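Asks: Chains A and B are the protein sequences, given in the same order.
Counting from 1, one number per residue, gives the positions in the first sequence under my numbering.
Counting from 379, one number per residue, gives the positions in the second sequence under my numbering.
I should point out that these hints are in silico values taken from the structure, not numbers from a laboratory.
Errors might be hidden in some of the hints.
[As the list claims (entries may be wrong)] In silico BS3-like cross-links for lysine-lysine, where the CA-CA straight-line distance does not exceed 27 Å:
#: 1; chain 1: A; residue 1: Lys279; chain 2: A; residue 2: Lys41
#: 2; chain 1: B; residue 1: Lys1027; chain 2: A; residue 2: Lys371
#: 3; chain 1: B; residue 1: Lys649; chain 2: B; residue 2: Lys703
#: 4; chain 1: B; residue 1: Lys813; chain 2: B; residue 2: Lys776
#: 5; chain 1: A; residue 1: Lys371; chain 2: B; residue 2: Lys1094
#: 6; chain 1: B; residue 1: Lys790; chain 2: B; residue 2: Lys830
Quick caveat: nothing in here was measured; it's all calculated off a predicted structure.
Chain by chain, the residues run as shown.
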Amino acid sequence: MRRGWWLAGPLCAVGLAFSTATLAASDNPFAILENSDQASKQVASDANRFAWDVFVALNTPTAPNGVLPWENLRQTSTVYLPNGAKPPAWGQPVPPPPASVTEQAQAIGMDMNQPFNNLDSMVQADGLPLKDKWNKYTRYQILMSQYALDYIIDNTLYNVNGQQAFAAKGVNAAFPAPAFEVKTSWIFIGKDKALRDELAAKYVIANTYYEIIDADGNRTGTYDVGWGAMTGMHVMSKALPEWVWMTFENVNNPAYTQTSLTVPIPDNVQALNKEYQQKLAGSVLANYQLDGTQTTFNGPPLVLANSQIESAFQHASSCISCHATSAYSTQNGYFNYALQAGTGGITYPVGDSILQSLNGYTQFDYAWSLKRASRVPN
Amino acid sequence: MSVLSFPRIYMRGHISWDPATGNNNDYINTYAAGAAALDYSILEAQNPPITPENYRTTFRDWATRVKYRETSNPAFYVPGEWNHFGSHATSFVDYNDKVTLVTGGVLPNGQPAASTDPLLNAPIQIEGDVFGDAPSEARLVDNNPIAFWTSQIFFKRLTVGKGDIAINGDCRYRMHSRWFNGNRNVLLRSAGVASVIWQTGIPREALTITNTGNSPLLASLAEAMDAPGAKGLMLRFCSYFTLYNQNGIFNDFTPQPRLALDAAPDSPEAKAYYEQLGEWYRQALANQIPLFANPAYSAVVGSIGVWNDGELATAPTGRYLVPVKPATPLSTAASAPALAATVPAGIRRVERGLAVQASSSSSSITALLGPAVAQEDYSRNLLSIDLSDATPEATLNKDKYDFGPLTVGVVKDGAFTSIGTINYAATADAPGYDKAAYEASAGIVDLPFDPKFAELLQQGQLVVRQQDTDILAERTLSADSDDRNTYIDQGCEEAIRIAVYRRGKPVEKGVRVMVVQYSYVNWDSNLVGPDDTDAPLRFLNGEVTVVKSTNPGQCAQACIVETDDTGIATLQVQANHQGFATCFFRPLEPGEPLPSPYPQPNQNGYSTEAPEQENYQTSHFVDIRVMPFDDYKPAEFAKLWNESYDSAKAWQYVYNEILGVYDMLFPIMLNYMPLGERARVEAAIGQLLVLVQQPYQQASTIYMPITRDLSRGKRKVLEMWGSLVRRQYPPQPIQP
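The following block holds chain B by itself, in its conformation from the complex (with noise of 0.2 Å):
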């Protein structure tokens, strides 16, 4: 089932997004994110130096101004980014004739839905909490913000269509980055390089659906999910080609930021906008001219389809099938320009660790495809499989890379054998990857097979062939977790569930899977060994063992867990030290011995010189923050008003240990609550002691601060002085 599954309904438009880069640039740290505080181990090394006495003064101005990064990727920039007033708003374009709708769909019997059913067209969005009296929008936010593989989508309602054409879904689940594809988009700048898969599953209950305008594809969908197994409506969409300094072209905005996508970091162009940017930031934060959003924009292609019983909520599941070889274009495919004919010189670079792995020349371009997942439908003879993620960009006007036909087989006891074959057009027989078929089902591709073939496919191993190169094969066991990203306070502990999978089916009990654990500081990540006792997390539950990394004379901590009767393992984990980590978890087969995790994942994805090697592409991992330990404040602020019952001493206590750093990075907040400003705060005190509370963090889109990084001692102090406030400062001792 699934969105692989029939009715099916596609989408297709944009999606924009609008974080604020101040807390994560890519070229100096000014923020101490374990800590989520400025990171003065930078900012004093600056000229002028940046001090805990006077940041106030300094880190606004100096945020602006163009610095520039002479190691080894030189670069122009400015320390509060791209976007330094960026809200971390998502949503699905709806501008002029940038429209994100349905654009088609397929009904229960494999035909398309008619041009005229009233749900083409239909607007679809995602938005937040109600603010005041409308709904806020949806927000991004990553749970580590150094790293680019820890994206989520926090919001609160998904509809699509209107009037008598509408679905409304409460989230349940919110969204997480999945299948990072660093090799999408080689045109592209810094992260426009990437595609991701975003899925959420709405439970039945949590969804309105009005079909009093006779959709039939609605009303199949309807009837669908209303069936025995199915669960409620699964959303997933791929987001690629991402475009940054958009204003005036996806948005009426003004100033309107550009920078040629030829520039390169260290180029008199980069070095101008960087200096128009940080003009306008300036303005801005002088009151000359409005803050301003500049956000990026991606393209999307989605599919909407039934959530059935066993599957994630937030992560595709089905037969698993991860890149293993370069495909090479076609040279002379005519519809496909060759790489080195339309990339600047230049471009190619690596940027937040992205690695471009195609090569400079046109004549041995190959190229890696992205994570797939396929499905059967046996009753059909019927194979879907979605290369949403999968298959590359080769224009700038996003005609795809023309590999020729890809052969779909399985592999049984060492033997291939081809059960059809995707075009790169369309044929009246045979799907296709091209823009056209990618664009019209949102990249999935339905492969009629042979009956023959039924008892083959389930028992071999699926693989996508380019003339007799394996380039995505099946991964037996797949596992993933809808606990991808995770928020752990001081001393608390956490369980993490671990759907295990075997060619698409939850497995049976007692199946193993090996977690392993890397700390983050910074860029940095480093694999948790037995004596590390600063690791952020302490693993509780199943056999704690060490395994040797593949490192000679490192070992690893790794906990092996087993899977339940629903082919679930539940990884039990507590804080024990502020700070980030990525757990990948491998499931393994009976007696498979215990695999060697590397010293680092690879940051560029999956590698065919280190196969093996965690990586945050093809791997299966959960992310874990571990909140600041700060339990200690609450007592060191009531001591402080204990002692003085100076109000003053109390705003200077909650400004410098807790609001300052988002004064600072997320200038946004002028516009709502001026963070600095001790007497706007406390005129507002009714709605931050509301947005800060530990419930509204788990989901809210308007939970303060947005990047969730609050930790329980903070917010702890944060009621304590906004009880105060409300008191106006009775001289009365109290209680952490």
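Looking at chain A on its own, in the form it has when it is part of the complex (with noise of 0.2 Å):
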């Protein structure tokens, strides 16, 4: 399936349309992002509409090979390596996907021209799992920009040993304004190529595979590979100091997932997706919507959730504030973001009040990510 030809067309002409900076630098497609100047202001004038132009620009095509712009974005299993082995730097070339990988795509006539997608996460922000209607595990991938992949290197971050020893020093991290992360939610479809065909439709489709971890947590170096459909996707960007938090999903998820979203999507949000699914008509990308953008602690909106991402605790849900709490001790380890509630109860961070309680911990400005990372072998 060459998903490029029939989606760029489409979506170039609503890009043009919606936003010069969207695609107006076609040669950086992260230009609305990494502009941060730029992308500030935007923010302050209308952080949805901001947030909207980043989903396109990140889901639209700027070469005729059809790879989505957010593809080349530096995926965290290249970046936090085993045994913290250090990543090659931005535009070095990554390793390929394994043998077996490549081979069962060919085997199934996965298109060879376009990435590769390791969905090496199956758990939600709070460690729990989500089942699609078949009842099989979701899953997840982490993506970074250049800046971001620069500020990690550059401060040994890639590992815990960098991390504990960054964290020694006691001063905050600080990544550039113009760095952002993604993160997706997929629908593992795998080889079933009628199933592809039905959620193609309706959902970005995407070559994935990931390693299958047995059991006791060992890699066994056996893969599943097949074609994934993209559920959600989350937007996180420097461009304030607190970041900017964009999340998007799938408005089909309800039926192919087994979740939905509970937290009611603000009027002003719901007038400015009617206002792009129908510019986009055509394109699967009508099918997202935006969940919200948030920009401070206390809102509004003061919680805000994706269902694929955050699924059982949406009403508690705080990108900002969850990942305020990126924070390392060199005596805790990584900061503990679930939290009592009430004298029985769990919850997660909402507001600002969970600031006070990072004392003696080392923050990692928002970035969750980096918890990933891997302890450098004796």
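Make one complex out of these two single chains by using the hints.
Replies: Structural data, given as structure tokens:
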């Protein structure tokens, strides 16, 4: 399937119609985020419209091969390497997918010109799983931009040892303003072409795979390969000091996964969704909605959730508050953002009061992807 | 006072029970409860053997395959039993037309609440602690999973109504099943034969009353709770008529297993049922269908009233009536069909120790009633008797047995004086106990009496008679405890407070209470003797002495404690050996010789053949789980880590020593934190560390494990391991 050709046409037109920032710098589809001065102004003007423009930009191919721009970001599987090894710098070649992945992909006729996305995570933000309609676990992936990667490499934050050393200095991390990260959530279709075709009319489809981890946490060297349907996308941009938090999900998720969005989408965001969805008519992107955008701790909105990534605590989900706890203590390790609720419950940070709990921790500037780092063996 | 006084609010509906049944099945004991581990003495005898080396790949399939028990009660079964994917959730039913509601009430003046009172038809619910962003469900947890008399309901909040008419109360005392009446519904299956009483008291300061909707009933309750001597709100309800395999009837769950009530346990129908159930279990475990609950449902009647000083929070307080002789249904009663006409052959059986005491022919049917409690109001000349656990049902339509009119009277100096009559069907001048009356007033009958009997009532023994036979009689001294189900860690002590009453009033200082201890290993109970070094508990206070058992040549250790000036006797105990104890206690009159305990309690409840025998229906007791003695495990784990710095070995220890048993017995965790997958448990370590903390064991509805059998030693290991996970396994020594 050459999803790029059918996707690229209408979206390019839509993108040009929407925003000069989105596609004007066609050689850099991330300009809307990495031109941080302009980004911060757009956020101040209309954060939700900025979010939609970002989403369109990230999901609109800029080249005939149909690769989605976000697929050119660095997957964390190529940043946080086994044994804490130093990752290749931006622009340097990264290891290709394992041979068994490409063999399986070729065997079922996957488009080998498209990138392969390693869906190397199987848990939501709270560490709990989510299942799709077919009782299979949904999967997840985090990617980062050049500025984010450079900062991580420059500060040796790609392994736990480096993070510990960083934390020991007691100086909080500070990513550069153009940095951003993307988190995507997926229905793993696998090799079922009929299902792929069904979902392709509704979802962004990509080449995906993951390594099977055995029950004892060991890598098996075997891979499950197939198509994936993107159910959701978080985007976090350092355009503001406390980052800009945007989250999208597919409107068909209630039919294909075992959860749905329970946090109401504000009226103004619903109106904007309608506007963009109408303009995107004919594209699968019209099947996505902005759940909301957060720029401050105390809102509005105070809570912001994606049903695919925070399904079990949507009304206690705040992107900015939860990510504010990305922090490390040489004594306790990573901060535990699962909080006691009352005398016997469990909940998650909302608002800015959580900041008072970070004494003794070195803050990692909202970047929880750092938690994926491995330790350098002795 | 209590719910027997006015104002009083009635409720009716159903309650759902969703226990995971893999740890307490009735047929094969896969769970070594004392150690909170899989019982390999049983599992290794299976074909093929299930061993510590292969259980991760063999147990689940084995637990879903049909087995056949050939012993005294032949039966087909699967080891996972009827609800393998249970979550222990419990809630009042709110499904389509099956809604648990306020159905009526009585105002302080004794008049029924108006049918227009806005509190009527208000929904009632219990809910649990916050999980993420919403309340979890309340939980049904047995203190001893092998036992049927140690059930508890953990909950966080009681809600009645909503909006402008509402009661919201925070739980201070979890509920405990009491007055286990195994003679209640002989037509039903398994625990369906039984009824129990549940009660909780919520202090006034933990209550929020909203009555902007102007309910006179609610206003009167609020006012009464603010009166001197009132402590707060009391909820008491009886659960009875329990039905299994109700998916699609009380909920919209699928699949919908079915087994006819008259299918014998060893019948082809039972075999087919378990084969289908097992097949669904395997499909769910293979992710072909979702994990599914198959809850049981009980009918519920209950009352809400005022909780007062001197009353226990979780046990009915008042004049305690116990069964003494069976009642005989009227064979010609048209409204209550004779038992033999409706009970299919083979349905009467003993299961989980429940014996149906009704005989097999209609001509000789007799039925012991369950316990009751009464309270007199001399300002109104009214005697209120809570019969909610007492009167049995005769039909699948819940029609009550018709025993004819029951006479309530007083025995003094050997002479019986009638003070009133309870009819089968209520009449203008007498209350009733038939189905309509029972459901309308939650089994409570309010019996007016002539003021001339007031003095006699205060001095004599209350009895309820069928014709000339005493079927219920007051036990002058009674006792009970809010510490009904307790957990003690290795080396720890606990104080058990026993409230003693004489005719419903707290006794004076110095009343003796004799306590004896029974130890439980699987389904066997043993009276603890003076030389039993393996007894779960040691008595730390009172007079520890030796008494003769009723079994010649057997002695028992007894502890004599005395009441203080509030009528409370305190028993101090210490954990001595991992396992389960039930301590029975008997208050004694001055000069009364120490009674002889029986070698085992009577599992069938009160027996006319051995009326003094300890039993789980009419006797007074507390259950104490002495947690597994695992204090050595943290040092063992630290040694393993410090010698290897090997995260794989650390995980293997955590899984095999702690998580594995829950991974096998509670597959519902696959929906939350698959305990057999290291990567997933590590990913959820933040949640795990919050949910296993010790304070949560006492009250939280989302405590891990829900079954509350995590020992202190194992908890410490989980915390040590969790710290390693949070720090990405630093190669540094750790301390236990």
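Asks: Does each hint fit the structure? Answer for all of them.
Replies: Evaluation of the provided hints:
no., hint, verdict
1, Lys279(A) <-> Lys41(A), "24 Å, holds"
2, Lys1027(B) <-> Lys371(A), "22 Å, holds"
3, Lys649(B) <-> Lys703(B), "39 Å, violated"
4, Lys813(B) <-> Lys776(B), "7 Å, holds"
5, Lys371(A) <-> Lys1094(B), "24 Å, holds"
6, Lys790(B) <-> Lys830(B), "15 Å, holds"
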